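Engineer: Full structure from sequences and hints, please.
Listed below, chain by chain, are the residues.
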Amino acid sequence: MKKHHFSWSGLYLTIVFIILYAPIVYLVVYSFSAGTTMEKYHGFSLRHYADLFADTRMITIVFNTLIVALLAALIATIVGTLGALAIKETRGKVRNSLLSLNNVLMVSPDVIIGASFLIFFTMLGIRLGFVSVLLSHIAFCIPIVVLMVLPKLNELSPTLVDAAYDLGASRWQALSQVILPAITPGIGAGFFMVLTYSLDDFAVTFFVTGNGFSTLSVEIYSRARQGINLEINALSALMLLASLLLVGGYYLISKHGGRRHRVIAVKEGDAQ
Amino acid sequence: MTENIMEFRHVGKQYDDNVVLRDINFKIEAGKFYTLLGPSGSGKTTILRLIAGFDQPTSGEIYFAGQEINDVPANRRQVNTVFQDYALFPHMNVAENVAFGLQIKGVKKSEIKRRVDEALQLVQLAGYGAREITAMSGGQRQRVAIARAIVNEPQVLLLDEALSALDHKLRVQMQTELRQLQRKLGITFIFVTHDQEEALAMSDQIMIINDGKIQQSGTPVDIYDEPLNHFVADFIGESNIVPGIMKKDYLVAINGQDFKCVDAGMRPNERVEVVIRPEDLDITTVEQGQLVGTVDTQLFRGVDYQITVHDVRDHVWKINSIHKTTVGARVGISFDPEDIHVMRYNETEADFDARLDSYEEGE
Amino acid sequence: MMRQKTLFIVPYLLWIVLFVLAPLILIFYQSLYNINGQFTLDNYTTYLTSGVYLKMTFNSVWYAFLITLVTLVISYPTAYVLNRLHNKQFWLLLVILPTWINLLLKTYAFIGLFSRTGSINQFLRFVGLGSHQLLFTDASFMFVAAYIEIPFMVLPIFNSLAEINPSLINASKDLGASQWQTFTKVIWPLSMPGVKAGIQAVFIPSLSLFMITRLIGGNRVITLGTAIEEHFLTTQNWGMGSTIGVVLIIAMFIVMFATGEAKQKGGHTR
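Chains as they are written, first to last, in full-length UniProt numbering: chain A, 1 to 272; chain B, 1 to 363; chain C, 1 to 270.
Just so you know, not all the hints are guaranteed correct.
To give an idea of the chain C side of the interface with chain B (calculated C-beta under 10 Å), a few residues [unchecked claim]: (1) Leu94; (2) Pro98; (3) Asn165; (4) Pro166; (5) Ser167; (6) Asn170; (7) Ser172; (8) Asp174; (9) Gly176; (10) Gln181; (11) Lys185; (12) Val186; (13) Pro189; (14) Leu190; (15) Met192; (16) Arg220.
The hints are simulated quantities; they were obtained by calculation from the structure and are not laboratory data.
Just so it is clear, the structure is predicted and the values come from calculations on it, not from any experiment.
By construction, the Cβ of each residue, glycine as well, lies at the ideal position given by its N, Cα and C atoms.
Structural biologist: Quick look at the structure:
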């Protein structure tokens with residue numbers, strides 16, 4: 001009876017996992033096909049990888065994407081950490097309103113963020129391109145960093161800081177030698193998290209990117225609208241590898257801090 | 001006479017390679033208050049889970065009202081449980097919690113209301129029905145949990161460390177209430193605890209569990225006065241346990257000194273353990289003492305003083321006395337033959353009972 | 001000391017003002033201008049009176065509802081089964097892992113899978129069902145959307161199931177409830193916060209999807225998201241686009257309010 005029940009649920013789970021992973025496996029498998037379509041496998045070949053590395057437009061875009069992601073993650077991590085430190089100092093109503101404002105961009109649909117930023121940049125006369133994309137990415141990354149760092153700050157025992165003062169530390173010393181080391185796992189996890197957010201973003205970038213500048217997601221979109229191109233498969237295999245490395249790095253960092261649940265949950269904003 | 005409502009026959013339980021219970025045998029009479037007493041990890045909670053039906057034994061049989069119930073699932077047993085963490089449903093209020101079992105059984109609405117009110121009355125929570133669980137204190141939650149169980153009129157009520165989450169004062173109060181409730185309802189209570197004071201205070205019968213086995217069972221007085229082995233003597237109350245030699249019937253040597261005692265039925269010169277409770281030792285003058293020693297420490301505990309004395313052979317004795325003494329003073333220690341209890345090594349409960357019967361009849 | 005604190009908060013406050021408050025205000029502001037830059041309430045009148053926009057909104061809500069429902073029906077049993085596994089955290093991680101893979105790529109994969117001569121049609125022909133137009137249909141759009149959203153539904157449900165104290169389930173059995181009764185009376189109500197969080201995480205994005213709609217659903221305006229994208233980037237009618245954006249924001253608040261009630265009840269009792 002019990003065994004029987006188990007096999008049904010096992011079967012169900014197997015089907016769900018097949019559905020979840022089949023498209024991904026499918027992409028990667030065809031990246032090694034000698035053919036040009038995702039219909040029939042024509043034998044092993046690396047020609048699409050060769051095409052990819054010869055595609056200078058694509059290489060430029062990869063660099064653009066990486067530069068935007070690294071810069072956005074770095075700046076957002078600094079501003080977000082400062083924000084978390086500032087929020088930590090507040091109490092009651094002020095704190096609640098700051099947290100609510102912080103969450104506005106977390107819950108807003110990407111189209112809304114994209115459209116409103118487009119209006120914003122146009123009004124300020126900022127030319128659409130690298131700067132507008134970078135600013136947008138920084139903007140939607142900051143609240144994520146805050147949400148990753150704040151729990152670490154809240155976990156800190158208040159007597160820890162008192163102890164630092166008691167032992168003669170200045171405010172700056174208490175911050176740099178006691179608080180920051182203690183919340184480093186949160187900051188590191190936040191950095192990795194927003195890095196992936198920036199790398200993955202499509203909708204916001206699509207609105208504010210203009211003509212001259214493109215990121216990977218936007219480029220894939222415009223190529224995918226033309227139909228199948230196995231160069232994209234090759235690219236996706238490489239990106240898959242990169243994401244796995246990022247996930248690995250991220251878990252290595254966040255494992256020290258332990259807060260897995262919260263951290264995974266934050267990724268929900270990515271749903272569109 | 002009362003009948004047996006439940007019986008364990010050679011019950012064993014194993015999780016993977018980990019043997020939790022081995023060859024458990026006991027009978028439970030209807031209408032009594034039983035306590036399963038033992039340290040954590042002793043297997044007492046596993047016995048409770050087997051009775052409730054949350055687990056199945058790996059060997060042996062469990063009988064309930066004459067029927068084997070090994071494979072009867074928990075929801076079809078006439079047993080209810082008060083959980084250690086109360087396990088009250090957070091999405092229901094007090095009355096809904098209490099009504100849960102009756103609703104499942106499909107009892108009529110009006111009847112449910114009457115019985116829920118009655119049960120809440122019984123645990124002194126009349127009028128609390130509409131409260132949310134989160135609005136109740138620890139002690140009140142405890143009562144809700146009891147009401148939720150007894151409203152189903154089970155033949156056996158299981159209580160798993162039910163008082164351990166309460167503070168000391170409330171715990172003592174609940175001990176009295178539980179005992180009264182059990183008498184009022186006239187059903188069997190099986191109470192699991194690691195607290196020996198709780199067990200002694202409430203039970204008709206205590207089963208002492210350790211290492212997956214029943215070490216000894218009996219009334220609180222029997223177990224306190226005549227512990228079967230070192231574990232029981234040490235676990236129940238405070239005690240001085242010293243090695244000795246049974247010279248002959250009614251004469252035991254402790255540290256080379258002979259004492260009269262009331263135990264018999266052992267081989268001459270058998271190596272034994274001797275138990276003397278600290279409250280049975282009195283401090284007297286050096287002349288009157290059967291043992292002579294020097295007071296090492298003295299702690300005032302409210303009801304009495306806890307004193308340690310080392311004797312001339314450097315053995316340290318624990319003494320509880322209502323009279324004060326002086327640290328460093330030379331004193332005598334006196335006790336009566338009845339205060340000595342002799343335990344044989346590796347004696348089973350059956351052998352122990354038989355031996356007791358043999359010489360008590362002879363007297 | 002005070003000055004240092006102030007310095008800390010300056011960049012963060014600047015961000016709030018420039019990138020949180022200003023854009024929100026701007027989208028409301030923009031919705032009050034027509035395509036010729038005149039201040040007017042025309043956009044709202046058009047939205048409310050022309051059947052096109054209302055029908056589109058209704059369709060978008062209907063699709064989002066269906067996507068959410070499909071996702072829930074697939075995800076709840078998944079979360080439930082996952083919770084009973086031995087290495088549940090590891091299996092959960094496997095469910096979460098696809099969310100780390102670029103969304104565009106996952107969608108792109110379906111273009112290949114669903115194409116006229118793609119693998120799904122090959123399979124359908126193989127089992128004798130013949131080939132069908134899969135791409136650019138509502139069904140394929142909803143399937144891909146549900147595929148993308150499953151992890152975001154599984155995760156909160158899994159968490160709320162994992163939080164249920166196992167002794168509550170024992171208590172339910174102890175009080176005579178069968179497995180099914182235990183599920184309906186104890187497990188399901190206690191997992192409601194997770195279900196609501198999941199609905200919130202899936203419904204709002206489903207309303208605003210435009211990338212999947214374009215790639216899988218074809219060149220049709222079927223969600224609020226596609227409408228906004230079209231007005232901003234194709235027809236350049238920002239006023240109307242902002243108006244639909246405001247509608248989307250209102251819809252978002254409605255969903256959040258409707259799914260937020262579970263927490264309210266818990267707080268209410270204290």
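Engineer: For each hint, tell me whether it holds in the structure or not.
Structural biologist: Results of checking the hints against the structure:
no., hint, in the structure
1, Leu94, "violated, 26 Å"
2, Pro98, "violated, 33 Å"
3, Asn165, "holds, 6 Å"
4, Pro166, "holds, 9 Å"
5, Ser167, "holds, 4 Å"
6, Asn170, "holds, 5 Å"
7, Ser172, "holds, 7 Å"
8, Asp174, "holds, 5 Å"
9, Gly176, "holds, 5 Å"
10, Gln181, "holds, 6 Å"
11, Lys185, "holds, 7 Å"
12, Val186, "holds, 6 Å"
13, Pro189, "holds, 5 Å"
14, Leu190, "holds, 6 Å"
15, Met192, "holds, 8 Å"
16, Arg220, "violated, 43 Å"
Going down the numbered hints, you'll see the structure goes against 1, 2 and 16, while the others check out.
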